[in-house]
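Protein chains: 2
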Amino acid sequence: MSNAETKPILHSYYRSSCSYRVRIALNLKNIDYTTHAVNLIKSEQLTDEHKKLNPKAEIPVLFIDGKALAQSLPIIEYIEETRQFKPRLLPEDPFKRYQARMISEIIASGIQPLQNLNVLKRVGDEKKADWAHHFIKVGLDAVEKVLEESAGRYCVGDEISLADCCLVPQLYNARRFNVDLTNYPIMTAIEERLNVLPAFQKAHPDRQPDFPGESVAKA
Amino acid sequence: MSNAETKPILHSYYRSSCSYRVRIALNLKNIDYTTHAVNLIKSEQLTDEHKKLNPKAEIPVLFIDGKALAQSLPIIEYIEETRQFKPRLLPEDPFKRYQARMISEIIASGIQPLQNLNVLKRVGDEKKADWAHHFIKVGLDAVEKVLEESAGRYCVGDEISLADCCLVPQLYNARRFNVDLTNYPIMTAIEERLNVLPAFQKAHPDRQPDFPGESVAKA
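Which chain is which? The protein sequence lines are G and L, in order. Numbering-wise, the first sequence is residues 1 to 219 according to full-length UniProt numbering. Numbering-wise, the second sequence is residues 1 to 219 according to full-length UniProt numbering.
For reference, chain G alone in the conformation it holds in the complex (with noise of 0.2 Å):
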C-alpha cells in the first residue's frame, strides 16, 4: 500500500477537546495524519454517514490500521499499544501509569460531558453558564489536588502523558467558559511548558483547518 493509502485519517472539529486529546497524542507520536472537518455546530456527526463509524455520533472518529476507532481515551490507548517507540504516552511504573489515567479519566468522565454542547442544550441557555462553570470548577479541583502529588515538570512527573493530552484542552474549555483559572497555579504551570512544544502548538484548535476566523495562536 502507498503512503496516502495508510496515513490515518483523523475525523475531528476545531474546538471539540476530544479532537484536540487525539491531534496532540498523533503529534507527540509523530504520526502523520489527514484531518476530515465534521461541523458539530451544523450536527454533521448526526449523519448516518458519520453514525455508521461511530454509534454515539461523536467525534473524534481516527481511521488507523484499516479500522474506524472511537472515544478518544481508548484511541490513544491503542495508539499507545500499537506504537511502543518513544516517547511513551503512558508512564513505565504501574502507580505513574493508573495517576496519569486518573487524571485523565476525572476530565474525560467527570468534567468534559457535563459541559458538552449536547448537553447545555438540554440544560438551557438561561442555566447553561452556571451549570458549566460548577461542573468545571469541582472536576479542576481535584485535578489541581491530585497534581500536588503527581506532577513534576508535567502532570505525573517529568514525562508528558495521556494526562497532558487531556489537561491542555481542558483548560482552553474552562477559558472559553471564562472560569477564572487564578486558583490553579500547578496545572496553569505546567500548561503553559506543554503550550510552547510543537506537538501541543499543531493541536491548538486556531491551528485546524476547520478554524473559522484567523489564527490567534502564538509560539
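Note that these hints are calculated values from the structure, not bench results. Careful, some of the hints might be misleading.
Chain copies aren't distinguished; within one or between two, either way the pair holds.
As the list claims (entries may be wrong) - In silico SDA-like links for lysine to any residue, alpha-carbon gap of 20 Å or less:
1. K128 <-> N116
2. K52 <-> D141
3. K7 <-> F85
4. K67 <-> K145
Note that the coordinates shown come from a computational prediction; the quantities given were computed from them, not determined experimentally.
Could you slot chain L onto chain G? The hints should help.
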C-alpha cells in the same frame, strides 16, 4: 506483613455503579477484599477524611499495595497491570482491547456521569426522570450497536473483560430508572450470561454489607 494488613479495602456504596464495576473486577481476579461502606445519601463522601483519599469526593476508593486509588476504570487497569494472572480483564489482541475500553468509556464517560445523584440533584426533581432516561437511552443505543460487531458470549468475543464489568452495573442502573430494555437484545442476553457467574453475583448491590433491605438477588 500479615494478610490482614495487606488485604485491599474498598470504599464502596452498594448501589454506586462505579463501586459495582470494581467489585466485579476484584471478584473476577479472585482478590479478597474488605468493604468499607460510604453512604452517598448521607453525603459521607464529602467529609474531609474521604476527600483526602479522593479529592473528587467520589467512590470507589481502593486501598491496595499501600496506596489509595480512585476512579473505577484506572483502578481496574491498575489491578490488571499489577496482577497479570488469568483471567485477564482485557483481551490480548490490541483491537479487542480497544473495543473493551471503548464500550467501557461509552458507559463511564457517556452515560454514568450524566445520571449520577449529584447531577440529577442539579437537574431538579421535576425533570430528572426524563433527563436520566434520555442519556441512558442514547448511551445504550450506541453500546448495542457496538456489540453487534464486538460481542460473542460477552461484550468482546467470548472472554469476559472490563466492558462486562461496566455493562452489568449500567443495566442495573437503567432498571432503577425504569428504562425499557426490550430494544437491547444483545446486551441483555450478555447480562444474563454474566449474572449467573459467582464474581458478578457476589458484586450485586443487594449482596453488599451496606444493602439496607432484604436481599432479592437470586442465584
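Going through the hints against the structure:
Taking CA atoms no more than 20 Å apart as the test, K128 paired with N116 passes in both settings, with 10 Å inside one copy and 18 Å between copies. Taking the shortest alpha-carbon separations for K52 and D141, only the inter-copy value of 13 Å comes in at or below 20 Å, while the best intra-copy value is 37 Å. For a Cα distance limit of 20 Å, the shortest separation of K7 from F85 inside one copy, 18 Å, qualifies, whereas the shortest one across copies, 36 Å, does not. For a Cα distance limit of 20 Å, the shortest separation of K67 from K145 across copies, 16 Å, qualifies, whereas the shortest one inside one copy, 38 Å, does not.
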